[in-house]
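J.: Kindly generate the complete structure, drawing on both the sequences and the hints.
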Amino acid sequence: MSERETMTTYDFVHLVMYAADGTVKGRTKLQKLVYFAGALTGKLDDLGYRAHYYGPYSAEVAGAVDDLRGLGFLEQKVISGCAVDTKGFEIARYDYSLTSDGKLVAEEKVAANREEWESIQNTVKRLEKAKADDYVKLSLAAKAYFVARQRSERFTVEELVCLMPSFSWKVTEEQMREAGKWLEDLKIFENQNDQRLATDRRQSLELRARPAR
Amino acid sequence: MNFNSRDPIHNFVTLPSDLAEVVNCQVLQRLRGIRQLAMASLVYHGALHTRFDHTLGVTHVSTLMAEQLGISGDELRLVQLAGLLHDAGHGPFSHVSETSLGWFADETKLKAGQSEHKIHELVTAEIIRTDPELSRFIPSKWREDVINLLGEWKGRPVLKQIISGPLDGDKQDYLLRDGFFCGVPYGNFDIRQLHRSLVLPNEDEQLMIEEHGIHAIEQFVLAKYYMTANVYRHRVRLISDAMITRAIRLGIVEDKLEPLTRLYRYDGTPQFVENYKKWDDARFMETFCPPDEKPPGVKSGAMLRRLRERKLLKLIYSERIGQPYDARCLEKMKALPKKKQAVLRRRIEEGIANFISGRSAEVRLTTESVDPDFVIANSYGIKSAKESSKNEDEGILVQMKPSPQYFVDQSILFKSINEAYSDNCIQIYAAVEWMDPSKKDEIRSVWQEPIRNLIQTECLKGKP
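Sequence order for the protein chains is F and P.
1 is the number of the first residue of the first sequence in our numbering; add one for each residue after it.
1 is the number of the first residue of the second sequence in our numbering; add one for each residue after it.
Hints are computed from structural coordinates only; laboratory data are not their basis.
The beta-carbon is built from N, C-alpha and C at its ideal position, and this holds for glycine as well.
Each hint should be verified, as a subset may be incorrect.
Stated by the list, open to error - To give a feel for the contact side, a few chain P residues facing chain F, derived at Cβ under 10 Å: (1) Pro157; (2) Asn202; (3) Gln323; (4) Ser384; (5) Gly395.
T.: Here you go:
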């Protein structure tokens with residue numbers, strides 16, 4: 001990537017990985033980490049996220065992970081024994097870490113894109129501070145944010161829950177209340193880069209804070 | 001009366017009579033002149049099947065899938081129309097035209113939001129939206145619904161998944177059809193069992209498979225992997241596709257052929273689409289490489305003549321993109337076919353032409369051998385078998401309690417394959433003839449290091 005080019009999804013994922021000290025545990029977590037990093041840096045619309053069964057998912061981000069692996073910049077380790085499914089089979093977790101070559105090339109990108117790198121680095125730190133380590137919590141928050149972004153008018157937690165089935169998602173009010181709280185702590189609706197959300201969502205949050213019926 | 005057509009893959013393809021009128025529209029009949037696999041018949045001589053055959057096959061398979069899932073009425077009709085029209089925007093030599101459309105589009109003339117789309121998708125949408133004959137048989141609202149279903153669909157997910165998803169009718173048909181016509185058994189899978197296992201847990205939910213379908217899906221995914229490795233990424237196919245792409249570029253840039261420029265310089269105007277709809281493989285070859293006449297363009301004509309006479313460029317270098325190359329080169333090498341790497345690719349091709357000019361002991365040199373326009377630096381990737389289960393989607397879901405699981409985690413076969421990434425390769429093709437063909441592998445191995453050094457030097461130019 002040269003200095004003048006806009007950052008591609010591939011480069012963005014590479015730098016998010018680098019900002020996360022080169023390691024992300026779990027492919028769901030990686031998808032959601034990039035999702036929120038995109039939201040907080042104003043890049044979300046360029047990352048190709050769509051509504052999928054388990055929440056917002058980007059084939060472009062998954063493709064970027066494959067490309068990084070294909071070039072030997074990213075290693076995937078399959079960790080078994082994290083949990084078992086209903087049949088007693090182990091559910092594997094996929095952990096990702098940048099290789100030394102991956103870090104070397106990331107450094108080049110950092111040098112060529114100082115401003116964007118600082119934004120990504122600060123964002124990933126902010127997410128770490130917000131304890132974005134639980135992939136279930138991240139998935140619910142991503143669903144809530146995904147639906148919130150589709151609408152410009154105010155809505156309540158109850159309304160948010162009612163909107164979810166149109167994306168094939170089932171959630172409870174309690175889950176959405178928690179997700180809303182997490183998003184609020186992250187100050188995601190105050191993101192200066194996300195002009196569409198800057199005003200309306202602040203009102204939405206006030207509504208979200210209302211007690212459940 | 002229903003439309004019935006014998007098909008070598010699916011036996012009878014049957015459609016309601018009103019859709020037969022759509023089949024007979026010229027935008028679909030044109031696809032009879034566009035081969036499904038461009039010039040793959042240069043290596044698999046049976047691969048002469050067309051986009052039209054595939055179009056009927058996709059519509060048939062999509063219909064079966066929809067019926068299995070209880071989709072009927074207007075929704076079934078929408079799926080069938082999308083199946084019939086999904087390839088309406090294909091140009092000469094199928095996917096080769098997509099590359100050139102993307103390369104030569106006049107982006108300054110694109111309307112708001114259009115630059116986010118691939119050009120061939122815009123062309124498809126424009127044809128569906130504006131073709132006068134189609135509009136006689138399909139009302140405007142329906143045509144817009146078809147365009148949306150082929151693009152950004154906001155309706156029931158399952159309709160989109162039948163048309164474009166990891167298990168869509170398109171893939172099911174092309175694997176079976178391409179395998180059959182190429183004479184390779186790799187495209188086979190148990191399509192009936194696959195369909196039997198399709199399930200829609202709730203009306204608004206995503207398409208899933210039941211557990212008894214896992215083996216059929218394993219076959220389907222492996223078919224995709226084997227077909228990619230053996231047919232879609234076959235050396236001769238890669239070379240012939242690269243030669244057509246280069247011929248188009250030479251015709252527009254070097255020979256300045258106005259009809260070729262008009263064919264590929266998409267500007268969003270109705271005139272572009274009107275002209276585009278008149279082209280197929282045969283007209284392209286007759287116009288730019290007539291068999292008994294001088295071609296209108298010197299360079300493009302010479303490249304196309306090589307294709308017509310099967311005097312293909314030779315593979316002189318092939319290596320995996322990875323070590324021992326410097327890590328800082330790899331991304332550029334992978335992106336070599338892209339427009340943004342045009343300058344680098346040209347420098348590499350010039351370097352190779354220069355390198356070849358001193359190799360008269362190993363290859364017979366001609367004017368074309370040392371012309372950088374007849375050297376092609378190319379790269380491509382192959383996804384692993386595990387990655388082949390995904391497309392532009394999250395992956396195939398298996399319906400399970402308490403919640404659906406991904407196929408790759410439920411298949412015993414695929415669970416055992418830990419690796420899931422794409423393998424990338426860089427290749428150089430040149431207009432050379434080996435002095436002694438029996439020694440070509442030996443010569444390639446001697447040339448490997450100097451060519452690798454040349455590529456690496458060019459990639460690292462400007463780096464500390």
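J.: Now, for every hint given, state plainly whether the structure supports it.
T.: Outcome of the hint check:
1. Interface restraint check: proline 157 of chain P against chain F, minimum CB-CB distance 6 Å, threshold 10 Å, status holds.
2. Checking asparagine 202 of chain P against chain F: minimum C-beta separation of about 8 Å stays under 10 Å; hint holds.
3. Contact between glutamine 323 of chain P and chain F, as hinted, is supported at the beta carbon level, the nearest pair being about 7 Å apart and thus within 10 Å.
4. Interface restraint check: serine 384 of chain P against chain F, minimum CB-CB distance 9 Å, threshold 10 Å, status holds.
5. Below 10 Å, beta-carbon pairs count as interface contacts, and glycine 395 of chain P has one with chain F at about 9 Å; its hint therefore holds.
Comparing the model with each earlier hint shows no violations; every hint is respected.
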